[in-house]
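Chains as they are written, first to last, in this note's numbering: chain W, 62 to 494; chain Y, 53 to 367.
Certain hints may be false.
Where chain W lies over chain Y, by a calculated footprint (3+ residues, C-beta under 8 Å) [as the list claims (entries may be wrong)]:
1. 98-110
2. 129-140
3. 270-282
4. 347-357
Over 12 Å on every C-beta distance to chain W, these chain Y residues come out as not near it, computed from the model [stated by the list, open to error]:
5. Thr61
6. Ile217
7. Leu219
8. His229
9. Leu361
For the record, the hints were derived by calculation from the structure and aren't laboratory data.
These numbers were taken from a predicted model, which means no experiment stands behind them.
We treat Cβ as the ideally placed atom computed from N, Cα and C, and that holds for glycine.
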Amino acid sequence: MSELARAVAPPLPAAAEKLKFYGLWVFTALVLLLLPKIFSSGGSLTTFSLIGISIIFALSYNILLGQTGMLSFGHAVYYGLGGFLVIHAINILGANKWPIPLPLVPLIGGLTGLTFAILLGWVSTQRSGTAFAMISLGVAELVASSALILRTFFGGEAGISANRTKLFRVFGWSFGPQIQIYYLVAAWTLIAVIAMYALTRTPLGRMCNAVRDNPERVQFVGYDPHVVRYLAFCFSGFFAGIAGALAAINFEIANSAYLGAVQSGTVLFATYIGGVGFFIGPIVGAIFVTILSLGLSDLTPVWQLYFGLIFIAVVVFAPGGITGLLMMHRPLLRAGTLTKVLPSYLIAFIPTLAMIAGLMLAIETIVHFTVNPNEDSHIKSFGVPFDAASPAIWAISAILLIGGYLVARKTWTMVGHAWDAATSVVRAEEIVA
Amino acid sequence: MLELIVISTLNGVLFGMLLFLMASGLTVIFSMLGVLNFAHASFYMLGAFFGFQIARWFGFWPALLIAPVLAGAIGAGVERFGLRRVHKNGHVAELLFTFGLAFAIEEIVQIIWGKSPVDFRVPALLDFPAFTIFSTNYPAYKMFMLLVSVAIFAALLITLKKTRIGLIVQAALTHPHMVGHLGHNVGRIFMMVFGVGTALAAVAGVIAGPALVTQSNMAGLLGPILFVVVVVGGLGSLPGAFVASLLIGLVQTFAVSMNGSLAGAFGPLSPAWASSWLSDIWGVTIAQIAPIMPYVLLVLILIFRPMGLLGTRDT
Numbered sequence: 062m063s064e065l066a067r068a069v070a071p072p073l074p075a076a077a078e079k080l081k082f083y084g085l086w087v088f089t090a091l092v093l094l095l096l097p098k099i100f101s102s103g104g105s106l107t108t109f110s111l112i113g114i115s116i117i118f119a120l121s122y123n124i125l126l127g128q129t130g131m132l133s134f135g136h137a138v139y140y141g142l143g144g145f146l147v148i149h150a151i152n153i154l155g156a157n158k159w160p161i162p163l164p165l166v167p168l169i170g171g172l173t174g175l176t177f178a179i180l181l182g183w184v185s186t187q188r189s190g191t192a193f194a195m196i197s198l199g200v201a202e203l204v205a206s207s208a209l210i211l212r213t214f215f216g217g218e219a220g221i222s223a224n225r226t227k228l229f230r231v232f233g234w235s236f237g238p239q240i241q242i243y244y245l246v247a248a249w250t251l252i253a254v255i256a257m258y259a260l261t262r263t264p265l266g267r268m269c270n271a272v273r274d275n276p277e278r279v280q281f282v283g284y285d286p287h288v289v290r291y292l293a294f295c296f297s298g299f300f301a302g303i304a305g306a307l308a309a310i311n312f313e314i315a316n317s318a319y320l321g322a323v324q325s326g327t328v329l330f331a332t333y334i335g336g337v338g339f340f341i342g343p344i345v346g347a348i349f350v351t352i353l354s355l356g357l358s359d360l361t362p363v364w365q366l367y368f369g370l371i372f373i374a375v376v377v378f379a380p381g382g383i384t385g386l387l388m389m390h391r392p393l394l395r396a397g398t399l400t401k402v403l404p405s406y407l408i409a410f411i412p413t414l415a416m417i418a419g420l421m422l423a424i425e426t427i428v429h430f431t432v433n434p435n436e437d438s439h440i441k442s443f444g445v446p447f448d449a450a451s452p453a454i455w456a457i458s459a460i461l462l463i464g465g466y467l468v469a470r471k472t473w474t475m476v477g478h479a480w481d482a483a484t485s486v487v488r489a490e491e492i493v494a
Numbered sequence: 053m054l055e056l057i058v059i060s061t062l063n064g065v066l067f068g069m070l071l072f073l074m075a076s077g078l079t080v081i082f083s084m085l086g087v088l089n090f091a092h093a094s095f096y097m098l099g100a101f102f103g104f105q106i107a108r109w110f111g112f113w114p115a116l117l118i119a120p121v122l123a124g125a126i127g128a129g130v131e132r133f134g135l136r137r138v139h140k141n142g143h144v145a146e147l148l149f150t151f152g153l154a155f156a157i158e159e160i161v162q163i164i165w166g167k168s169p170v171d172f173r174v175p176a177l178l179d180f181p182a183f184t185i186f187s188t189n190y191p192a193y194k195m196f197m198l199l200v201s202v203a204i205f206a207a208l209l210i211t212l213k214k215t216r217i218g219l220i221v222q223a224a225l226t227h228p229h230m231v232g233h234l235g236h237n238v239g240r241i242f243m244m245v246f247g248v249g250t251a252l253a254a255v256a257g258v259i260a261g262p263a264l265v266t267q268s269n270m271a272g273l274l275g276p277i278l279f280v281v282v283v284v285g286g287l288g289s290l291p292g293a294f295v296a297s298l299l300i301g302l303v304q305t306f307a308v309s310m311n312g313s314l315a316g317a318f319g320p321l322s323p324a325w326a327s328s329w330l331s332d333i334w335g336v337t338i339a340q341i342a343p344i345m346p347y348v349l350l351v352l353i354l355i356f357r358p359m360g361l362l363g364t365r366d367t
């Protein structure tokens, strides 16, 4: 019996693999610890805090979309309610001088998210697919509209605020300066990321994947897909609540925008652009989208249009997201045939870049004439000054756009051929092996 | 009281018919392509803004014809070059594609026409009171809206039930492969249905534009209600969408015109409770909760009849 079990069970991980695994987490903790020593300005600390919050939120969203296959348009409900409850909790704790320090407060947000997920989840998760998406949208609208009606609790349009420094202090940390908030967010991010990774390794995490891939088969095995979806939904609500709580602590305010459709849409964008197929995808997406939204809004007034276009491009051309795109190359790298593809990428890169530049030039020129037509036509976008009124600029943008498109189409076919050649080598090697 | 009931019923039926103009296209597209078009309300908005622009250049009547054709052409293009390409990546990718499209369309409309409402006027020909009931003048334009939506409803019904094209569309709803085997170009039928569906939404936009507010957030406001309609009616059920449209139109119009509240029914709260969060619930009027009525209805339907009022399928 024991011999059979030994033969069937996978071998225990070797010491080197264990070291690699735990070393990764220790390394991440060290990086988080040292990051503010390298980038110590107030602006970058705020950016890091926002990224951390966004990572927890996106990973909690991926428990639904990536792992259980539920597309939600209302995930901000649990984020926002967590934030609101935490603001109220800080006010109550501060007024009554209860000995609960700020680092424990995000747990209140998490429990709030969990409570509301338990309440709303059972009805929502009865069906998956399109029906679930519509229901989540309806519930989100219901909560967001109710928040504007219940003014005493949600504070109406202005929202409610709190003072995070009034709480019980441990080790003299007041949590006034941004650096202390950064360490709070970083610690919670690390804890939440490890917890969510551990969740994917549990039997429940595996059943979630099964429900995503084949709910009918799950029923045959003896599980109720509805219950599995419901449990995943509750966990997801818990971590979303933690993210909302950290956001509320960071800004010391919670308003109706926390609950709104824009917040739900942003987390969907971040998760999907990063890639839903891998655990690390939403982390990449959260970092990418946060930096993009902070950076683009300085460079151009219509950054949200670019945001939407990037999202559409990812959905159409790279459904696996950024990580999916990178991971596609792993077999090639192993087989050493990556060099066959890279030159064709370089060739395809140039006309594609020209096409994108032409598109951006066209958008910026059109924006100039529709948004502020009476101002000086010498405008500057993305740091490049040009004259929006000159026909030469129009001609350049048209040539780049159309010419770039025509050449890019040809070169991407070449990339396709090179890709096929490289993968067929990999396949041949696999067959030999 | 009677006046209120008559006027609200008229307005409610009108709003319901407008909703159905959009929900019908959405439902047929969903049944056929299996994708819930998140950008459907965006085509309603495009219709309103195209209508506004064309009405400014050529007058309202050409706008009523050209704007839906334009929006429908864009819709057909979206199906041909966007959705069909995404189709191989599954339904989630399709839904997300239309979601991104809705986002992009709203941004583009904001860039071209700005964020504030545009001045889309009722045409002079229809700018008079049609009749007077109980001292209220009912505008002729609203009667015109009702007439257009009923006419389109009838045309749609006859096309689907009595013509050859309607038969093919009905067959493609349930058995797209069989229809393909019989020699029909299913891809072209899908594109046509998508184009016609979005054009219907655009018609609703052109006729609703002057009566309601033509603004860049109109798609965001109406979109969720539209999804409530198709879910409450039953996903993929055209009669269900009709019933749900009228129901939500009437519920919302009646709720807006009522001023009752718990405070009105049971007297004001005792001073001990007056400053707590309970006062919000106590003092809120039915008119104030009108915007959330459709969503309350949605949750109730999902609890008691998950497949929708007249729906038959489970997903």
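- Query: So which of the earlier hints does this model not fit?
  - Reply: Structure breaks hint 1 only.
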